[in-house]
Amino acid sequence: MAAGFRKPSVLPGFGLTLGFTTFFLSALVLLPLAALVFKTSSLSWQAFFEIMLDERAVASYRLTFGAALLAAVVNAVFGFIVAWSLVRYDFPGRRLLDAVIDLPFALPTAVSGIALATVFSPSGWLGQKLALANVQVAYTWIGVVVALILIGLPFVVRSVQPALVEVQRDLEDAAETLGASPWQVFRRIVLPAVMPALLTGFTLAFARGIGEYGSVVFISGNLPYQTEITPLLIVIKLEQYDYEGAAALGFIMLVMSFVMLFAINLVQAWGRRRQAAAGR
Amino acid sequence: MSIALDQVTKRYQSVPVVNDVSLKIEQGEFLVLLGPSGSGKSTLLRAIAGLTEIDHGRVSLHGRDVTGVSARDREVGFVFQHYALFRHMTVANNIEFALRVRGVRAAERRARRKELLRLVALEGMDDRLPSELSGGQQQRVAVARALAHRPQVLLMDEPFGALDAKIREELRRTIRQIQRELGIATILVTHDQEEAFALADRIGVMHQGRLLECGPPDDLYTRPATRFVATFLGAANLLLGYRTPDGVRFMPPAHDDAPPREVVAVLRPEEVELAAQSGALRSNLVGYAEVQEVLFAGSSERLRVRMLEDGPVPVAPGSDDATSSVLEVSRTLPEQRDLPVAVGGRVAVGARRIHVLPTPISSFTVVAADARQAQVLRDSPIVATLAARMVTRVSTRLQRGETPPPGMPVVATGSGSAAMVEWQLRHGATQLLCMPPAAPVPTHVVIFAPDALVRDATFAVAASLLRHIPAETIYLAIHPESTPQQSRGACLRELLDARTAALTRHGLDMRTETRFGDVGPELLRELLAHDQTTLVLGIADLDRLDWRHLADLLEGAVQRPLLIVRPAAASGAGGGP
Numbered sequence: 157m158a159a160g161f162r163k164p165s166v167l168p169g170f171g172l173t174l175g176f177t178t179f180f181l182s183a184l185v186l187l188p189l190a191a192l193v194f195k196t197s198s199l200s201w202q203a204f205f206e207i208m209l210d211e212r213a214v215a216s217y218r219l220t221f222g223a224a225l226l227a228a229v230v231n232a233v234f235g236f237i238v239a240w241s242l243v244r245y246d247f248p249g250r251r252l253l254d255a256v257i258d259l260p261f262a263l264p265t266a267v268s269g270i271a272l273a274t275v276f277s278p279s280g281w282l283g284q285k286l287a288l289a290n291v292q293v294a295y296t297w298i299g300v301v302v303a304l305i306l307i308g309l310p311f312v313v314r315s316v317q318p319a320l321v322e323v324q325r326d327l328e329d330a331a332e333t334l335g336a337s338p339w340q341v342f343r344r345i346v347l348p349a350v351m352p353a354l355l356t357g358f359t360l361a362f363a364r365g366i367g368e369y370g371s372v373v374f375i376s377g378n379l380p381y382q383t384e385i386t387p388l389l390i391v392i393k394l395e396q397y398d399y400e401g402a403a404a405l406g407f408i409m410l411v412m413s414f415v416m417l418f419a420i421n422l423v424q425a426w427g428r429r430r431q432a433a434a435g436r
Numbered sequence: 175m176s177i178a179l180d181q182v183t184k185r186y187q188s189v190p191v192v193n194d195v196s197l198k199i200e201q202g203e204f205l206v207l208l209g210p211s212g213s214g215k216s217t218l219l220r221a222i223a224g225l226t227e228i229d230h231g232r233v234s235l236h237g238r239d240v241t242g243v244s245a246r247d248r249e250v251g252f253v254f255q256h257y258a259l260f261r262h263m264t265v266a267n268n269i270e271f272a273l274r275v276r277g278v279r280a281a282e283r284r285a286r287r288k289e290l291l292r293l294v295a296l297e298g299m300d301d302r303l304p305s306e307l308s309g310g311q312q313q314r315v316a317v318a319r320a321l322a323h324r325p326q327v328l329l330m331d332e333p334f335g336a337l338d339a340k341i342r343e344e345l346r347r348t349i350r351q352i353q354r355e356l357g358i359a360t361i362l363v364t365h366d367q368e369e370a371f372a373l374a375d376r377i378g379v380m381h382q383g384r385l386l387e388c389g390p391p392d393d394l395y396t397r398p399a400t401r402f403v404a405t406f407l408g409a410a411n412l413l414l415g416y417r418t419p420d421g422v423r424f425m426p427p428a429h430d431d432a433p434p435r436e437v438v439a440v441l442r443p444e445e446v447e448l449a450a451q452s453g454a455l456r457s458n459l460v461g462y463a464e465v466q467e468v469l470f471a472g473s474s475e476r477l478r479v480r481m482l483e484d485g486p487v488p489v490a491p492g493s494d495d496a497t498s499s500v501l502e503v504s505r506t507l508p509e510q511r512d513l514p515v516a517v518g519g520r521v522a523v524g525a526r527r528i529h530v531l532p533t534p535i536s537s538f539t540v541v542a543a544d545a546r547q548a549q550v551l552r553d554s555p556i557v558a559t560l561a562a563r564m565v566t567r568v569s570t571r572l573q574r575g576e577t578p579p580p581g582m583p584v585v586a587t588g589s590g591s592a593a594m595v596e597w598q599l600r601h602g603a604t605q606l607l608c609m610p611p612a613a614p615v616p617t618h619v620v621i622f623a624p625d626a627l628v629r630d631a632t633f634a635v636a637a638s639l640l641r642h643i644p645a646e647t648i649y650l651a652i653h654p655e656s657t658p659q660q661s662r663g664a665c666l667r668e669l670l671d672a673r674t675a676a677l678t679r680h681g682l683d684m685r686t687e688t689r690f691g692d693v694g695p696e697l698l699r700e701l702l703a704h705d706q707t708t709l710v711l712g713i714a715d716l717d718r719l720d721w722r723h724l725a726d727l728l729e730g731a732v733q734r735p736l737l738i739v740r741p742a743a744a745s746g747a748g749g750g751p
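As given, the protein sequences belong to chains F and A, one line each in that order. Numbering-wise, this note's numbering comes out as the position in the first sequence, counting from 1, plus 156. Numbering-wise, this note's numbering comes out as the position in the second sequence, counting from 1, plus 174.
Errors might be hidden in some of the hints.
Said to hold, decoys possible - Chain A stretches covered by chain F per the calculated footprint, using a threshold of three residues with CB under 8 angstroms from any CB of chain F:
{"#": "1", "segment": "238-248"}
{"#": "2", "segment": "262-276"}
{"#": "3", "segment": "513-524"}
What the hints assert, rightly or not - Anything over 10 angstroms on all C-beta distances counts as not near chain F; from chain A, calculated:
{"#": "4", "residue": "Ala223"}
{"#": "5", "residue": "Leu225"}
{"#": "6", "residue": "His256"}
{"#": "7", "residue": "Ala336"}
{"#": "8", "residue": "Leu345"}
{"#": "9", "residue": "Gly421"}
{"#": "10", "residue": "Arg456"}
{"#": "11", "residue": "Glu668"}
Stated by the list, open to error - Derived contacts from chain F toward chain A, CB cut-off under 7 angstroms, selection only:
{"#": "12", "residue": "Gly175"}
{"#": "13", "residue": "Thr178"}
{"#": "14", "residue": "Glu322"}
{"#": "15", "residue": "Asp326"}
{"#": "16", "residue": "Leu327"}
{"#": "17", "residue": "Asp329"}
{"#": "18", "residue": "Thr333"}
{"#": "19", "residue": "Gly335"}
{"#": "20", "residue": "Ala336"}
{"#": "21", "residue": "Pro352"}
{"#": "22", "residue": "Leu355"}
These are calculated hints, taken from the structure and not from any lab test. We treat Cβ as the ideally placed atom computed from N, Cα and C, and that holds for glycine.
With the hints as constraints, model all of the structure from the sequences given.
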């Protein structure tokens with residue numbers, strides 16, 4: 157076995173599995189991404205910047221990343237609450253609710269999008285009521301956020317759930333006997349223990365939100381400059397046989413997503429280090 | 175009074191896990207709650223801390239009723255079995271937690287932390303994380319953390335359970351020292367009797383949710399009141415003996431008119447004397463035995479000897495099976511040198527000191543017409559359960575004999591049983607269990623005693639029964655319908671007196687109810703109200719007893735188990751055979 161690798165586990169097949177890992181990562185992830193970069197590089201710098209800074213494109217970045225971020229934040233809060241009630245309380249229908257959480261995973265996203273659009277359209281069940289309050293969800297940026305919340309929720313719930321199970325009841329009891337109020341118990345004991353998992357869930361939901369296409373196109377209305385997301389813009393360019401333009405936008409999304417996810421990972425690592433070094 | 179508990183009861187799914195526990199603990203006292211797992215001791219501790227709500231009763235800390243007060247306002251220190259340290263905080267932050275949530279200034283917090291770390295001998299560990307400490311050190315931190323806010327009460331739930339023996343002993347000493355230094359009322363829960371002896375000013379023994387006995391360790395060890403405490407605190411041989419004018423003897427006394435009075439005696443392994451011949455014994459002879467097992471245990475020698483049938487017949491605990499007549503013996507090394515024994519050797523066994531348990535139920539004797547019926551009765555749920563839990567003997571008697579058997583006779587209900595019961599009672603039986611063989615173990619026990627003379631003995635038997643069977647208990651007082659309205663108040667007072675007597679004299683807590691009507695029908699109605707009911711019935715005067723009603727209970731359409739108590743003192747007045 158080559159020196160420098162970590163000592164293989166008792167399970168056999170280290171060489172085989174590493175080979176597979178490398179092959180599949182290359183064939184399925186790295187190669188297509190490289191092709192994307194390659195295609196983009198056929199553009200001149202000027203053409204590339206023109207596409208990148210086009211007003212319509214910039215508006216779509218703002219919507220895509222802004223809505224994904226907002227939806228991820230909302231999901232972090234509500235997903236935590238959902239996970240909490242699933243873990244800490246036993247109520248009739250708990251198992252059913254637990255199963256329902258996964259539905260957005262399994263449903264074709266287009267179906268979710270059409271369903272949302274129906275419910276929230278000005279003539280839909282909820283849309284009618286909201287229209288009375290002068291709020292329009294469908295065909296506005298709010299609709300995009302709503303769609304992304306639906307898509308991202310399971311990521312947060314499924315990340316936080318196991319971490320919450322791990323928080324020992326003893327710890328909360330101990331904090332209580334020491335005089336902590338319920339809020340202090342939550343803030344100082346439960347939250348720090350769940351924070352890494354919550355951040356992971358947030359990151360997953362955010363990443364998913366950036367790339368989401370199917371559900372959004374049905375509810376956003378796709379108005380240029382207003383409710384048009386970047387993935388849609390790419391599709392539009394493809395339909396016009398503007399392959400270079402599509403590749404350039406894809407490349408830009410790739411870079412921005414990577415930077416953001418990397419930044420979140422850094423924050424997480426920093427948090428862990430800070431926790432480990434607390435008070436030292 | 176630092177901690178006062180008054181009839182604390184906690185149920186899970188209507189099963190009481192803590193059953194009417196009343197207890198007082200003085201300032202500076204160290205109480206150890208000892209019991210097997212599932213005895214309710216941890217639940218009781220959590221109830222005192224306010225971590226578990228109770229269904230009934232009161233908890234007071236320093237004279238303040240805190241029954242409805244949340245854990246965070248009770249100002250107690252609690253130490254958990256698995257430390258429950260906050261893993262993401264340093265030792266310093268863990269210890270300061272209680273002060274931080276109270277908004278204490280940083281300088282003051284630091285001073286208190288230094289003081290506590292010195293107290294638990296962990297100076298300089300402030301900046302470590304819990305994961306960087308050993309188990310013993312983590313528990314020390316947990317103790318320091320629990321004391322930070324200067325609680326008036328320290329509660330510890332098996333704090334040494336997860337530590338190995340050597341560290342356990344060291345930490346035990348530290349805790350005892352700290353407790354003395356601070357003079358803080360402390361309750362520690364454990365299942366380890368050695369730990370209890372090492373730490374306690376007083377030991378409270380819990381079993382099946384009840385606090386059976388509470389007292390100084392040496393008292394509980396030398397003079398236990400119950401079988402459970404005798405066998406749970408240290409090793410004990412339980413022997414059946416007979417009370418004679420010369421003291422307790424282990425051979426059945428010569429034939430006599432009255433049945434012999436049987437008692438349960440505790441013989442500690444270290445109080446057993448072995449000799450080659452009975453003449454060489456310096457203590458009372460129990461019987462002859464064959465050595466079955468010899469174990470060298472360092473400072474002592476442990477043996478198991480099987481009592482032999484020849485010579486004086488010993489009466490050892492257990493049913494008639496093979497393990498029944500085995501005695502545990504423990505000898506010092508000098509004793510061993512004086513009389514070396516080998517497996518298979520024959521020895522005379524003497525008892526240097528025995529302690530007679532005040533328990534009224536000693537053994538059971540099934541009285542039946544034939545062997546098959548006897549076996550059915552022996553195997554019945556009630557007899558089998560009681561014999562197993564009481565670790566006592568069940569004998570069989572196919573002929574009625576001259577006198578009732580010693581201990582408690584067991585007879586089947588049904589046709590002809592009333593005559594048998596009458597014969598047993600008229601010939602001096604003081605207690606009698608009559609039941610349909612298939613009757614389940616009761617979940618509901620009704621106590622009835624017609625007058626004050628037999629009440630105490632009835633309560634004693636009922637208490638003994640209820641120590642081994644967790645059941646709801648109700649004491650019924652039945653007065654004639656004709657009782658005038660103005661004297662009904664006196665009936666109520668009498669009822670309360672009865673309840674107090676049961677609680678203080680026998681540790682038996684029960685609900686009470688008054689009925690106005692005829693005794694027979696009222697009892698029958700109460701018995702039929704629940705499926706798994708048993709009646710504990712006190713009988714005073716046999717001549718004034720309404721035998722017809724008794725026959726109704728014994729031979730009627732619906733029969734319930736019936737435990738008849740007729741105190742020996744009352745038999746003089748009632749007239750014997």
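Each hint, compared with the structure:
no.: 1; hint: 238-248; verdict: holds (count 5)
no.: 2; hint: 262-276; verdict: holds (count 9)
no.: 3; hint: 513-524; verdict: violated (count 0)
no.: 4; hint: Ala223; verdict: 6 angstroms, violated
no.: 5; hint: Leu225; verdict: 5 angstroms, violated
no.: 6; hint: His256; verdict: 6 angstroms, violated
no.: 7; hint: Ala336; verdict: 12 angstroms, holds
no.: 8; hint: Leu345; verdict: 18 angstroms, holds
no.: 9; hint: Gly421; verdict: 53 angstroms, holds
no.: 10; hint: Arg456; verdict: 55 angstroms, holds
no.: 11; hint: Glu668; verdict: 44 angstroms, holds
no.: 12; hint: Gly175; verdict: 37 angstroms, violated
no.: 13; hint: Thr178; verdict: 35 angstroms, violated
no.: 14; hint: Glu322; verdict: 11 angstroms, violated
no.: 15; hint: Asp326; verdict: 4 angstroms, holds
no.: 16; hint: Leu327; verdict: 5 angstroms, holds
no.: 17; hint: Asp329; verdict: 5 angstroms, holds
no.: 18; hint: Thr333; verdict: 4 angstroms, holds
no.: 19; hint: Gly335; verdict: 5 angstroms, holds
no.: 20; hint: Ala336; verdict: 5 angstroms, holds
no.: 21; hint: Pro352; verdict: 10 angstroms, violated
no.: 22; hint: Leu355; verdict: 14 angstroms, violated
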